[in-house]
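Asks: Take a look at the letters that make up each chain.
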Amino acid sequence: MVQVEALTKLYGEFTAVSELSFSLQPGEVLGLVGPNGAGKTTTLRCLAGIIPPTRGSIRVAGCDIIHDAIGAKRQLAFFTDEPRLFDYLTVWQHLNFVARIYQVPDYEKIGRELLEELEIANKRDAMPGELSRGMKQKLAIACGLLHSPKVIYFDEPLTGLDPLGIRRMKDSILKRARGGAAIIISSHLLHLVEEICSRVLILKNGQKIADGTLVEITRKFSEQAGDTSLEEIFFRATSETGASVAPPVLPLERK
Amino acid sequence: MIPALFYLQWQSFRNRLVTRFKRLKQPKYLFGAIVGGLYVYFYFFRYLFHQGYANGGRAAVKLSVSPEHLLLFELGGALALFLIVLLAWIIPRERAALTFTEAEVAFLFPAPITRRNLIHYKLVRSQLRIVFSALIFSLISRRFGGNFWVHALGWWLILSTLNLHFLGASFARTLMLDRGISNWLRRLLVLGLAAAMVASVWLWAKQTLPALNSADIANLDSILDYAQRLLTAGPALYLLYPFRLVVRPLLAPDTAALFSALPPVLLIFLLHYLWVIYSDVAFEEASVEASQKLATRIAAVRAGNWQAAGKKQKARRPWFKLSPTGPLPTALLWKNLLGIGQAFSPRLWIVLILVVVVAGFSLANGGHNQNLSSVAAVIIAFALSYSLLLGPQLLRLDFRRDLPQADVLKTFPMRGWQIALGEILAPVVVLMAFQWLLLLVGAGLIFCLPGKYEALALAIATGAAMLLPVLDFLLLLIPNAAVLLFPSWIQTGKDSSRGIEATGQRLIFALGQMLALLLALVPAAVAFIGVFFLLKFALGPAAAVPLASLAATVILAAESGLGVMLLGKLFERFDVSEEHTS
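Heads up: the sequence lines are chains A and B, in that order. For the first sequence, our numbering assigns the number 446 to the initial residue and increments by one for each residue that follows. For the second sequence, our numbering assigns the number 26 to the initial residue and increments by one for each residue that follows.
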């Protein structure tokens, strides 16, 4: 569903992403992890066709994102960490607008169902300014899912959500994956990645340093397979020496 | 604690200045600074440094200020100050809130800083703005004569005293609210007091001054003379006296007059300061709210939505129903029309059309009103010209507003030209509707004009109706192309840079846009002239004008089409990341 070949993105002389290759099958959930500045967001933005890659090729649902951008974009949805909404459109007007952009004839039925599912049906006529951060996130998700995308990218999907919202978001992601969507999640929340991702790709300084299932990655970075958490693996994989550099947990000060 | 606050103030100012100087390494800021600097020099400073103007302004234009004139200026200034102060007690309805930034609220409010120190910090910070404003005002007022530094000191005293008064008034307002005096009751009390003052002056004038007759209002001199007699004696003398004291240093003709005017105004300043400092009013809660509002406004401006910056967005009815399938640019037109603001609601257009039709009919039926019709026709011609000049600058419902959302637009499955067309359509539609409305009125007025011009005037109106939409389109294409070509040069909202360099950048772009427009108009103008002279003799001017306009419209439409394709390509190539990193 997603094929990335030697993706490279340069900003002047700075290499944000270097020779990144991977592929993703329908129903797979890929966790994209890495320290700050590793190139996760740049990778997602290239995959979504927002910024052009300097080199390499990206195919989304069989369409080349450079040469057939329209075909590729019709199949995907990209959710940024900060919901990007038009502050002069109501919730329902957002859905109406997106329906025209993606040519969704039965948007009213789908839109109603999505608003119900995301529990913002009572906010149908509200302006973004009247919504909480979590509700804005939900509206952005409703807009993105309206055209039933086959490929979905999430950049820090749990930011600003309450515990119930987090639970529902996880369920929603897994539901889409079971429905055949290929999903990429970029997140610093390693427990989220551990919980819902079938594969993990670790980036550091724009380069891929690990790609595989959790078991495969654990085997690669731990002395004894299966005894290490993703957090521990992450620290080992992204440290300079490869040794565990997890910061010590400081005991709580007791008075 | 105060030194820490001064440190914050000084370092913020210094860092801002250093950043400004550092960015001059980039050509766009350097050229902007040069052009802006030249503009500021020629507009303001030439009068300050030029040899001939060094002592008291340009002799040729320097006003010879007699003591009577000085008194009139003083009275005028005092009256203006009185009105400003009166409004400060009538209009506001919020509780006292010192506007801090969100960072200041986060750092200073939980810190062990007394309320008085926070007020001091706020006062010191407002001095930056006041000193800058005083210098600018002095550069302007100094051109009419007087010493620059006397003007600067005078303006500083006026602005600082007003600043303290606004703050004190806001504290007093809050205290009244805390004691159960509502905003409306306060307004009634203040208005009642003002009415009593006016009544006392009126009664005194009625009893003391000779009755007002037509000679008193025959010309400006007699009006000023009467005003002087009214305001320099009786109750007005005492009521306006404190305000006159505040204005006096600004109008001081020499150093001696300045020094004699200073003590009273400094006393007023000191009293205001004590009033503010010793007011025990809790402003923190309202300040937090105000800082959040400020942050929302800044965010809205940075997102390119100036309308949202002013007020809370309300849900609006769309101009038309958007079906889920159909041409894609229509979606952007629909969206941008929704973002146009309350001022351009469909209801307003219906009212406008009704007004225009009624006015047109009444003018057309009043045959004796030919002069009125001619004046109205001239006004319409001016309004049309201004709509062409200013409309595309004011209606920024296009890439200039949506560029900060470029990454969202980039995810849409639309070709570049579709996005470009959709973005430009909304301002074109609004401008076109306004201009056609004016033309409709113009057409109505034509029937009031002498018959021999009727056919030609109608021909011109028809030609204009064809030409104006494509001209609007072309005029909007240029700034939109500029914003995509030089995003960091144009004020899209997110880069709301200020200062001399930003002024220079705007001047450079205004010039560039004018040049581009002239180049684009040349082929259409040639076509118009050619067709007009070709057909004028065969068909007459009344038929030649619309046909020549049609030819020019075709050329402009072709240019616009090419422009949209180019704009689309520019958007497709527009690298959001590079813009973010610049």
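Think of the hints as simulated: they come from the structure by calculation, not from any bench. Fair warning: there could be bad hints in the mix.
[Stated by the list, open to error] With a straight-line cut-off of 20 Å between C-alpha atoms, the simulated SDA-like cross-links for lysine to any residue are:
1. 339(B) - 558(A)
2. 554(A) - 350(B)
3. 50(B) - 457(A)
4. 581(A) - 235(B)
5. 339(B) - 499(A)
6. 581(A) - 432(B)
7. 615(A) - 636(A)
8. 147(B) - 172(B)
9. 594(B) - 640(A)
10. 53(B) - 457(A)
11. 339(B) - 575(A)
12. 594(B) - 636(A)
13. 339(B) - 606(A)
14. 594(B) - 574(A)
Asks: Evaluate each hint against the coordinates.
Replies: Okay, the hints, checked on the actual structure:
no. : hint            : in the structure
1   : 339(B) - 558(A) : violated (25 Å)
2   : 554(A) - 350(B) : holds (15 Å)
3   : 50(B) - 457(A)  : holds (18 Å)
4   : 581(A) - 235(B) : violated (70 Å)
5   : 339(B) - 499(A) : violated (42 Å)
6   : 581(A) - 432(B) : holds (17 Å)
7   : 615(A) - 636(A) : holds (12 Å)
8   : 147(B) - 172(B) : violated (30 Å)
9   : 594(B) - 640(A) : violated (43 Å)
10  : 53(B) - 457(A)  : holds (19 Å)
11  : 339(B) - 575(A) : holds (10 Å)
12  : 594(B) - 636(A) : violated (43 Å)
13  : 339(B) - 606(A) : violated (25 Å)
14  : 594(B) - 574(A) : violated (33 Å)
Checked against the numbered hints given earlier, the structure breaks hints 1, 4, 5, 8, 9, 12, 13, 14 and satisfies all the rest.
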